[in-house]
Amino acid sequence: MVKLLSKARTAGKSTALKRAPSAKTLQWELRRTGGLQILEAPALTRLRWLAHGFSTRPGGASGMPAAELQQSEKAAERVLNLGFTDWDSRERVLANRKKFFAAIGAGKMRVVALRQIHSDVVRVIRGKQIEDSANSKGALSGDALITREPGVLLVVQTADCVPILLADTRNKAVAAIHSGWRGTLARIAEKTLGQMRMEFGTDPAHVVATVGPAIGRCCYEVGEEVVQKFEARFPNAREWFEGPYEKLAAGESDPNWLPWLTMRPPGHAPPPLRAHLDLMAANRAILEVAGVPERQIFSAGLCTGCRGDLFFSYRRERATGRLVAAIGIR
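Using my numbering, read the sequence shown as starting at 181 and increasing by one per residue.
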């Protein structure tokens with residue numbers, strides 16, 4: 181896991197986010213600028229031809245939905261919601277986006293976003309396909325974007341799913357990927373690399389991959405259906421789960437399959453068995469199998485479910501905002 185060592189400091193300054201000693205050493209930066217906190221991967225920051233950033237919750241012009249405010253002590257909390265949700269106004273979202281894009285140095289870049297559908301669809305962005313993300317009508321559908329066009333910022337939205345940014349350091353091509361459990365099951369990260377190879381001649385050995393904040397194994401409970409699907413697709417799926425994996429994989433999701441032999445009255449049976457899935461670990465493994473060297477795969481390891489101070493989480497809040505992961509060629 182990654183721990184926040186201290187609060188972000190003054191404007192233009194950054195705070196290191198460091199892995200626990202048991203994991204490979206890695207530092208991410210939480211940079212405060214213009215009232216926002218931008219999460220950055222140093223592996224991408226070192227590539228001067230790139231603009232990138234992962235948004236966080238604080239700052240912005242949006243107020244949380246009424247249902248959420250009733251549960252929160254921060255009734256006046258203003259957040260950086262970057263998605264067109266039912267509870268937020270389009271004007272506030274556009275203002276938030278403008279602020280975020282300026283904070284990552286992409287204020288003048290043309291933004292391309294997707295109508296995300298939890299698929300393995302990869303879209304290649306060329307000059308004629310560039311759309312302003314402020315226009316949600318007629319947007320391309322899919323869950324991954326790739327381009328080699330300068331001046332274009334690729335954007336994916338998340339609120340628990342895994343955001344992945346890729347940079348081909350030889351051919352100067354980039355990708356932004358949205359990978360929920362369905363996208364992970366379909367190996368969307370691997371397919372994105374394959375599409376980059378076909379379009380741009382990308383060799384995965386020359387790719388830097390960053391896995392941004394997402395719901396962690398600690399907070400992500402899944403049932404029999406998900407366990408069985410992963411068991412069928414991945415020979416090493418067991419490594420990504422915690423809990424009664426074998427029973428769920430075998431279809432034994434009922435902890436009390438002979439209820440009439442117990443003294444419990446009707447309606448008081450224990451809940452179905454659940455396991456915890458590590459989507460970030462699964463996507464790191466998929467990237468490695470696809471040819472990206474382990475030393476070039478960097479994970480923030482931050483759980484959106486645990487870190488309500490920094491991130492939105494659909495599982496935790498239901499009515500919540502959207503985070504953005506963005507990457508583009510300057």
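Don't take every hint at face value.
[Stated by the list, open to error] Derived BS3-like pairs (lysine-lysine); straight-line CA-CA distance at most 25 Å:
#1 K278 x K288
#2 K371 x K352
#3 K288 x K352
Please keep in mind that the hints were generated in silico from the structure rather than gathered at the bench.
Structure-based check of all given hints:
{"no.": "1", "hint": "K278 x K288", "in the structure": "10 Å, holds"}
{"no.": "2", "hint": "K371 x K352", "in the structure": "18 Å, holds"}
{"no.": "3", "hint": "K288 x K352", "in the structure": "19 Å, holds"}
The structure agrees with every numbered hint stated previously.
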